[in-house]
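Visitor: Turn these sequences into a full structure, and let the hints steer you where they fit.
So the chains spell out like this:
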Amino acid sequence: MKKSGFYRNAGTFLLFGGPSLLAFAAVVVVPFLVGLYLTFTNWDVRTADHSVVGFANYLHVFKDHVFLEQLWFTLKYVFFTVLIANAAAFFVALGLTRGGKGEKWLRTGFFTPNLIGGIVLGYLWQTLFSQVLPYLGNKYGWPLFEKSWLTDTNTAFWALIIATAWQLVGYLMMIYIAGFSGVPQDVLEASAIDGAGRFAVIRRIVLPLSVPAIVICVFISLSRSFLTYDINLALTKGGPFNSTELATYHIVQKAFLSDQYGIGQAEAVVLFAVVAIIALTQSYLLKKLEVES
Amino acid sequence: MNSRTLASILKYSFMYLFLIVFLTPFLLIIMNSFKKTQQFVDNPLSWPERFRFGNYADAYENMDFLHGFMNSLIITVSAVFLILIFSSMTGYLFVRFKWKLNAVLFFLMLASMALPFQVLMIPLVMLYGNADLLNMKSSLVFMYLGFGVPFGVFTFHGFIKGVPYELEESAFLEGSSRPRIFFQIVLPLLKPVFVTLIVLDVLWIWNDYLLPSLVLLSPDQKTLPLSTYNFFSSYSVDYSPLMAGLIMTVIPVLVLYLFLQKQIIKGITDGALK
Numbered sequence: 062m063k064k065s066g067f068y069r070n071a072g073t074f075l076l077f078g079g080p081s082l083l084a085f086a087a088v089v090v091v092p093f094l095v096g097l098y099l100t101f102t103n104w105d106v107r108t109a110d111h112s113v114v115g116f117a118n119y120l121h122v123f124k125d126h127v128f129l130e131q132l133w134f135t136l137k138y139v140f141f142t143v144l145i146a147n148a149a150a151f152f153v154a155l156g157l158t159r160g161g162k163g164e165k166w167l168r169t170g171f172f173t174p175n176l177i178g179g180i181v182l183g184y185l186w187q188t189l190f191s192q193v194l195p196y197l198g199n200k201y202g203w204p205l206f207e208k209s210w211l212t213d214t215n216t217a218f219w220a221l222i223i224a225t226a227w228q229l230v231g232y233l234m235m236i237y238i239a240g241f242s243g244v245p246q247d248v249l250e251a252s253a254i255d256g257a258g259r260f261a262v263i264r265r266i267v268l269p270l271s272v273p274a275i276v277i278c279v280f281i282s283l284s285r286s287f288l289t290y291d292i293n294l295a296l297t298k299g300g301p302f303n304s305t306e307l308a309t310y311h312i313v314q315k316a317f318l319s320d321q322y323g324i325g326q327a328e329a330v331v332l333f334a335v336v337a338i339i340a341l342t343q344s345y346l347l348k349k350l351e352v353e354s
Numbered sequence: 147m148n149s150r151t152l153a154s155i156l157k158y159s160f161m162y163l164f165l166i167v168f169l170t171p172f173l174l175i176i177m178n179s180f181k182k183t184q185q186f187v188d189n190p191l192s193w194p195e196r197f198r199f200g201n202y203a204d205a206y207e208n209m210d211f212l213h214g215f216m217n218s219l220i221i222t223v224s225a226v227f228l229i230l231i232f233s234s235m236t237g238y239l240f241v242r243f244k245w246k247l248n249a250v251l252f253f254l255m256l257a258s259m260a261l262p263f264q265v266l267m268i269p270l271v272m273l274y275g276n277a278d279l280l281n282m283k284s285s286l287v288f289m290y291l292g293f294g295v296p297f298g299v300f301t302f303h304g305f306i307k308g309v310p311y312e313l314e315e316s317a318f319l320e321g322s323s324r325p326r327i328f329f330q331i332v333l334p335l336l337k338p339v340f341v342t343l344i345v346l347d348v349l350w351i352w353n354d355y356l357l358p359s360l361v362l363l364s365p366d367q368k369t370l371p372l373s374t375y376n377f378f379s380s381y382s383v384d385y386s387p388l389m390a391g392l393i394m395t396v397i398p399v400l401v402l403y404l405f406l407q408k409q410i411i412k413g414i415t416d417g418a419l420k
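Just so you know, the sequences run in chain order U and E.
Here the numbering used here is used: the first sequence runs in plain steps of one and ends on residue 354.
Here the numbering used here is used: the second sequence runs in plain steps of one and ends on residue 420.
No wet-lab data here; the hints were simulated from the structure.
For each residue, glycine too, the CB sits at the ideal point set by N, CA and C.
Any given hint could be a false lead.
[As the list claims (entries may be wrong)] So the derived label-pair ranges between C-beta atoms look like this:
no., chain 1, residue 1, chain 2, residue 2, range
1, E, N376, U, R69, 51 to 57 Å
2, E, E207, U, V127, 38 to 44 Å
3, E, D366, U, K165, 48 to 54 Å
4, E, T183, U, L136, 53 to 59 Å
5, U, F302, E, Y381, 19 to 25 Å
[What the hints assert, rightly or not] Some chain U residues near chain E, calculated using beta-carbon distances under 7 Å:
no., residue
6, P92
7, L167
8, V193
9, M235
Guide: Structural data, given as structure tokens:
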């Protein structure tokens, strides 16, 4: 009796858990472990020969000025993207809290960029930055737009931020709207329309009450923008002169164009550690704010 | 009219104005996709003299649109179907059978959700490349299954926890088998979770570029985002067909959005709040 119970349980386990656990193990668990091992070897793609090299790859990563510069570039990009996308989403959400018929269309509209994949989104903005804005700049004599933003490192940096934030705003807006449900309706109305005392209301009442939503939104926008690849590839392709390569772009190049799997993987692990540390620290710090207020 | 209604009208006029500005990039691309490239370069803000669909025919042919569309469709539909079936079954297993092993596996899945794709892509390509499993749609579908299962199991687990066992008990006493109970009694109750997951997974897989770009190498396997990339890399000066190609890539999802906007918005927000 006991034995048949065991077999029946094993059968249930294999039937209900088998396929998904197999895929999970083969796609996530094994590659993760192999990946960790990979960072300690000098794997050569062509011969598949390798030997263990200890921490040499990690040392290489921390001595590689190009990668460190790109990591710093990524950090700056993430900082401004998170700041701009969240500020914009917060204020758009404040204007759309009543949920009437007219608001439904507005919410739907602001959300639209989220349906577009990063590749299409990047090319859409590439066309705007390289063709439409220079046309306007030359026609009306606006020096800011006379040259394509994508030909200069500084302006290409902002182009990346604008394109990424454009997509994030509608998504974060939805979370802020859901998060405002704990704030009294008349307070929200006042903070959306009243002129006098408006910012005091936002700062004293709305902001403290929406800390949980802010934590989620900053977390999401942070981890998403840290891992940006598609927009980077389609909008700037790392250029001009490899000056706008975000971390993921660099890792893909390192691994699949220069065939340096071990170093590429070590870079990926470092990137993951950086994202995890920053994301968890911000959650911890912001949550403390909630308790105090 | 009191000042409150006036203020509210002002607010909404401002919001609509802002929305139009916000969507200008998109609207400009649509408008210019109907013009000749020369007209676009001369003045990107002018209204098209007449609506030319030639760019769309051009893009359709040169992108090999139908091929990419069919590849994307096959991959998305089969991957999402497999994710839903298998992760609902596993979610059920983890809720109803409180074995130590299940608790450990569930914890592993939750923990894995913190891993970004970037940490897995190099060993993934290496392992599957060595085993000669790259360049097949079925490999890509299998990978999406593996990446999609943790979030699927997590979502189903949360929902099935709230389903009372009494519903299944009587069927169990009558001698129905587990699979039968699951498919006849439990599965129909999971509809809201299905909608959420379909929305999230379809948008993710349909728009994904990096994974298919690493796995699908030959031209006849390409999905739509890959065709878009190729089209732009090789066509880079003839803007009008390029813009038409962008719009064509977006249209399938846009149509879906028109019919399912409530579910899509709800699905995405729920997914974020979990």
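Visitor: Each of the hints needs a verdict: does it hold here or not?
Guide: For each hint, the structure was consulted:
no., hint, result
1, E:N376 / U:R69: 51 to 57 Å, "holds, 52 Å"
2, E:E207 / U:V127: 38 to 44 Å, "holds, 41 Å"
3, E:D366 / U:K165: 48 to 54 Å, "violated, 43 Å"
4, E:T183 / U:L136: 53 to 59 Å, "violated, 39 Å"
5, U:F302 / E:Y381: 19 to 25 Å, "holds, 24 Å"
6, P92, "holds, 4 Å"
7, L167, "holds, 5 Å"
8, V193, "holds, 4 Å"
9, M235, "holds, 5 Å"
Checked against the numbered hints above, the structure breaks hints 3, 4 and satisfies the rest.
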